[in-house]
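Participant: The lines below spell out each chain.
Number of protein chains: 2
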Amino acid sequence: MVGLGPGSADLLSPRAMKALREARVVVGYKTYIEIIRDLIRDKKVISTGMTREVERCAAAIDQAAAGMDVAFVSSGDPGVYGMAGLVLEMLHKDGLEGKIDVEIIPGITSATASAAKLGAPLMHDFAVISLSDLLTPWEVIEKRLEAAAQGDFVVVMYNPASHKRVDHIKRAREIMKGHKSGSTPVGIVRNADREDESIIVTDLDSMLDFSIDMLSTVIIGSSGTRKLGKFMVTPRGYSI
Amino acid sequence: MVGLGPGSADLLSPRAMKALREARVVVGYKTYIEIIRDLIRDKKVISTGMTREVERCAAAIDQAAAGMDVAFVSSGDPGVYGMAGLVLEMLHKDGLEGKIDVEIIPGITSATASAAKLGAPLMHDFAVISLSDLLTPWEVIEKRLEAAAQGDFVVVMYNPASHKRVDHIKRAREIMKGHKSGSTPVGIVRNADREDESIIVTDLDSMLDFSIDMLSTVIIGSSGTRKLGKFMVTPRGYSI
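Protein sequences appear in the order of chains A and B. The first sequence finishes on residue 241 if you use the working numbering, and the numbering steps up by one all the way, no holes. The second sequence finishes on residue 241 if you use the working numbering, and the numbering steps up by one all the way, no holes.
Be careful, since some hints might not be right.
Identical chains blur together in the list; that is why a pair holds if it fits in one copy or across any two.
Computed list of lysine-lysine pairs in PhoX-like fashion (alpha-carbon distance at most 20 Å, straight line) [to be verified]: (1) K228 / K100; (2) K31 / K94; (3) K94 / K228; (4) K144 / K178; (5) K100 / K231; (6) K94 / K231; (7) K144 / K100; (8) K94 / K171; (9) K31 / K44; (10) K228 / K178; (11) K231 / K144; (12) K228 / K19; (13) K100 / K31; (14) K31 / K171; (15) K178 / K100.
These aren't lab readings, by the way, just hints derived from the structure by calculation.
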């Protein structure tokens with residue numbers, strides 16, 4: 002299970018690079034396979050589209066069960082809304098646990114890659130919430146948004162919107178506004194460390210004036226978060 | 002601001018490596034400087050001990066203001082309980098913003114490095130909370146623990162204990178037990194990807210039977226988290 006990081010080659014770890022080099026088979030979502038196309042020219046590649054996650058994991062397990070070294074790639078970190086969990090669940094269900102060696106190679110996940118672009122919004126306690134209700138009932142997501150806002154966490158939103166889900170981010174903002182001031186800094190990062198990267202620092206009142214889509218990560222400040230020049234910073238509390 | 006990741010050379014990104022190579026001055030907490038000692042033999046090194054954070058940032062800013070290329074290193078990610086925020090605050094206060102170029106190079110933070118060792122506990126929404134009350138009132142920490150438990154987040158605890166603070170993790174567990182079952186899986190990872198790495202999967206009832214110190218990261222499951230063989234997994238919700 003190989004974490005590719007945000008997508009830029011210079012954020013791919015040597016450990017991930019070695020796994021790609023040594024693998025005979027590379028499995029992944031087709032967009033991620035494109036990112037590393039040049040590194041895997043001589044490999045067998047199995048790529049499938051969105052929502053084919055179970056199929057993709059089954060293919061990776063089949064190849065490994067046949068004795069192949071498989072690199073199953075995820076963008077970011079395979080352990081954060083990635084495929085590591087599903088692979089472990091399927092191995093367990095199939096009684097293949099312990100028979101197939103699994104190594105999870107972490108990567109830089111979007112929360113911290115995006116934070117680095119915005120300044121330092123994650124210097125203090127934060128919550129990471131996906132707004133996708135494909136697999137999670139929307140009520141559970143609302144409950145978590147509510148709890149995170151109430152606890153004055155910095156809130157990182159993954160999958161904030163898609164073509165079909167345009168209202169979730171509006172509702173999420175409404176929940177945040179129930180607990181946070183309208184001037185709370187908000188960062189919107191799209192395609193961090195890829196081509197067409199875009200970085201916006203705005204606030205809770207104005208955030209919906211900007212385009213937010215499935216390639217965006219949205220970071221909403223805590224009560225301590227400040228806009229310092231072009232940066233968004235959540236002070237840890239040092240006296241200076 | 003250079004993120005070193007967990008400490009293993011093969012998780013140091015090429016971007017971080019390049020920054021270290023190009024720097025004339027390397028600044029950091031002495032333990033982190035030790036980790037990269039071999040990479041920076043020809044550099045000027047400024048290292049200070051724990052709780053000297055402001056001093057360290059001031060030294061880095063002074064060097065940069067004098068025209069030096071400075072690599073200010075943090076373990077993990079400089080933007081997660083690291084030094085990125087303090088540097089940006091001090092630059093802002095000193096009116097040096099825009100006069101000194103700052104690049105934040107993200108690294109693999111302990112939450113995801115530890116998760117990779119445990120299996121896949123962070124496949125669903127999670128909260129990251131530091132139990133250190135050096136800079137944060139303990140009431141704020143308790144409020145966040147309470148909110149995170151109430152929201153059924155997976156909870157990642159940084160700085161769970163130190164020589165002086167042995168009771169915080171007990172109190173944190175008590176708060177978790179107010180909302181989570183005693184059989185909730187708990188992972189304790191110490192020194193992920195360093196020598197003397199230790200990985201424990203236990204549960205909320207038994208977690209205090211194990212040693213937890215300032216080098217540990219503790220991950221408490223959500224209501225969905227399961228122990229699958231030796232792994233701790235929070236299913237995302239796929240039907241298999």
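Participant: All hints, please: hold or fail.
Facilitator: Going through the hints against the structure:
Within a single copy, K228 and K100 get their C-alpha atoms only as close as 52 Å, which misses the 20 Å cut-off; across copies the closest is 18 Å, which meets it. Proximity of K31 to K94 under the C-alpha cut-off of 20 Å is found in neither arrangement, the shortest distances being 26 Å within a copy and 46 Å between copies. Taking CA atoms no more than 20 Å apart as the test, K94 paired with K228 passes between copies only; the shortest distance there is 13 Å, against 49 Å inside one copy. Both within a single protomer and between protomers do K144 and K178 lie at most 20 Å apart by alpha-carbon distance, with minima of 15 Å and 19 Å respectively.
Within a single copy, K100 and K231 get their C-alpha atoms only as close as 52 Å, which misses the 20 Å cut-off; across copies the closest is 13 Å, which meets it. In this assembly of identical chains, the alpha carbons of K94 and K231 lie at most 20 Å apart only when taken from different copies (14 Å versus 50 Å within one copy). When the C-alpha separation of K144 and K100 is checked against a cutoff of 20 Å, the pair qualifies neither within a copy, at 39 Å, nor between copies, at 44 Å. Neither within a single protomer nor between protomers do K94 and K171 lie at most 20 Å apart by alpha-carbon distance, with minima of 39 Å and 35 Å respectively.
Proximity of K31 and K44 under a CA criterion of 20 Å is satisfied intra-copy only: 15 Å inside one chain copy versus 43 Å between copies. Within a single copy, K228 and K178 get their C-alpha atoms as close as 18 Å, which meets the 20 Å cut-off; across copies the closest is 37 Å, which misses it. Taking CA atoms no more than 20 Å apart as the test, K231 paired with K144 passes in neither setting, with 32 Å inside one copy and 31 Å between copies. With identical chains, the CA atoms of K228 and K19 are never at most 20 Å apart, being 40 Å at best within one copy and 29 Å at best between copies.
In this assembly of identical chains, the alpha carbons of K100 and K31 never lie at most 20 Å apart, being 28 Å within a copy and 42 Å across copies at closest. Neither within a single protomer nor between protomers do K31 and K171 lie at most 20 Å apart by alpha-carbon distance, with minima of 30 Å and 46 Å respectively. In the homo-oligomer, the alpha carbons of K178 and K100 never lie at most 20 Å apart, since the shortest distance is 50 Å inside one protomer and 35 Å across protomers.
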